[in-house]
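Visitor: Which chain is which? The protein sequence lines are Y and F, in order. Heads up: the first sequence at position 198 corresponds to 192 in our numbering, and the numbers run straight through without jumps. Heads up: the second sequence at position 122 corresponds to 116 in our numbering, and the numbers run straight through without jumps.
For the record, the hints were derived by calculation from the structure and aren't laboratory data. Because the structure is a prediction, the values reported are computed rather than measured. One should not assume that every hint holds.
No copy labels: a pair is met if it fits in one copy or bridges any two.
[Claimed, not checked] Keeping only pairs whose Cα atoms sit at most 20 Å apart, straight-line, the calculated EDC-like set for lysine to aspartate or glutamate is:
#	residue 1	residue 2
1	K141	E27
2	K62	E103
3	K44	E128
4	K170	E189
5	K170	E146
6	K72	D25
7	K170	E197
8	K72	D168
9	K72	D161
10	K95	E21
11	K141	D53
12	K62	E189
13	K44	D129
Number of protein chains: 2
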Amino acid sequence: MNSRRASPLQAGKLPAASASPWRASRERRRDREVKREAVIRAAARAFNHKGYHNTSLDDIAATLEVTKPTVYYYVSNKEQLLFQCFLAGVEQIRAAFREVKDLEAPARERLKAVLRHYGEAMASEFGWCMVRAEDQDLSPAMSRHIKALKSEIDQGIRRLIREGIQDGSIEPCDPKMTAFALAGALNWIAHWYRENQSLTGAEIASAFVTIFEGGLRPRSASQVAPRAPLRRRVRIAR
Amino acid sequence: MNSRRASPLQAGKLPAASASPWRASRERRRDREVKREAVIRAAARAFNHKGYHNTSLDDIAATLEVTKPTVYYYVSNKEQLLFQCFLAGVEQIRAAFREVKDLEAPARERLKAVLRHYGEAMASEFGWCMVRAEDQDLSPAMSRHIKALKSEIDQGIRRLIREGIQDGSIEPCDPKMTAFALAGALNWIAHWYRENQSLTGAEIASAFVTIFEGGLRPRSASQVAPRAPLRRRVRIAR
């Protein structure tokens, strides 16, 4: 799954050979969607680089070489724009949850797929908005909406961990703390990752999932793990 | 080890029975240190609750029931105060590095001890300042200082991971990515943890280290891990 593959930006590249009389209106809708997406991406990049409060709708309009009223045609205000950026990132994670929902795979594999998309979203231009939206003096309604979506994702991760403990693919652990640890590691990507680094977002997400792997090893592996190395442990006074 | 055990706040509770002529000046120094520490703790709590820009030195003085000049006696300005809060947290981690430096324990155990103190620092009142100091429009010199200290800790974690790979106590991995994942999970504690929750900072730090454990399992454990569960994997299309 790659949410960008199905995006209007990509779909616009397909040959438009249909003779349907609805083609023109479909194309207009698609065109509008392409432009709306461009506004959101430009805003996400600006918020990321200059901060939310230091970015004006004028700045975003200038980046796109359009007037401010053009930007207002797609979003009603800056807060809405930030929310749309937040949503664009979060939607990638929600799509991953939907995609794995009916898979026959052990919960551990479904969790890994979700975490991979989570990591990619955090390394995308939307990462900053996803982790910082809540700090920006938003309206109470907007704050509640953002909190609810974050909670939905947190609960989804905990549920997959619980299912993994149940199907034996994840070693018994505290689902809440484990979800916080996994999400925290991934959220932090938005703080240190900048595009054009040596690794792509997908490679970082994949590396993180590999790091998490061992920590979520199947129960059977831990049962046969040799205890010998533990004897070498030196108790460290705290 | 507990850095607070050695703090002047605690030391002040010892009976001051010495007859040394230097006692009075030592006590004055200690008294000054106790007060300086109270100013820093009050500032850390205020920055955490209200944000750096929304907190004035007047607010901090009011919390301590002193005048603003009294606060200025201990720190020269608000930026310095933020830096002292940052330093108070970071110092707990640096102390942990110093403490494990000459231990005979495998690097994995030394790393765990450092991560435990790291997590405790993040769950303390200094956590917010540690992860947010850099975002506060600081002077270039201050920013460089903070970056250098963060880098020192990052390099220290990577070094322990490399040593663990070398002594066989940590499974071969990418030290840089692994350090980012571990630190990210711990840094995020400062975002979600509030005092007076059901778990103390020490309990959270300990829970996180347990979660990390499996991910850093000794090489010998992975060699004997059964491959059977892997066969159940269903390839998830991306």
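Visitor: Hints first: check each against the structure and report whether it holds.
Guide: Verification of the hints:
1. K141 <-> E27: Answer is neither: 26 Å inside a copy and 41 Å across each miss the 20 Å cutoff.
2. K62 <-> E103: Classified as neither; 46 Å inside a copy, 57 Å across copies.
3. K44 <-> E128: both (17 Å within a copy, 14 Å between copies)
4. K170 <-> E189: between (31 Å within a copy, 17 Å between copies)
5. K170 <-> E146: Answer is within; shortest intra-copy Cα gap is 13 Å, inter-copy 31 Å.
6. K72 <-> D25: neither (22 Å within a copy, 50 Å between copies)
7. K170 <-> E197: Between copies only: 14 Å across chains, 26 Å inside a chain, cut-off 20 Å.
8. K72 <-> D168: neither (39 Å within a copy, 40 Å between copies)
9. K72 <-> D161: neither (45 Å within a copy, 53 Å between copies)
10. K95 <-> E21: Result: close neither inside a copy nor across copies, 32 Å intra and 65 Å inter.
11. K141 <-> D53: Neither: 28 Å inside a chain and 29 Å across chains, both beyond 20 Å.
12. K62 <-> E189: neither (27 Å within a copy, 45 Å between copies)
13. K44 <-> D129: Classified as both; 15 Å inside a copy, 11 Å across copies.
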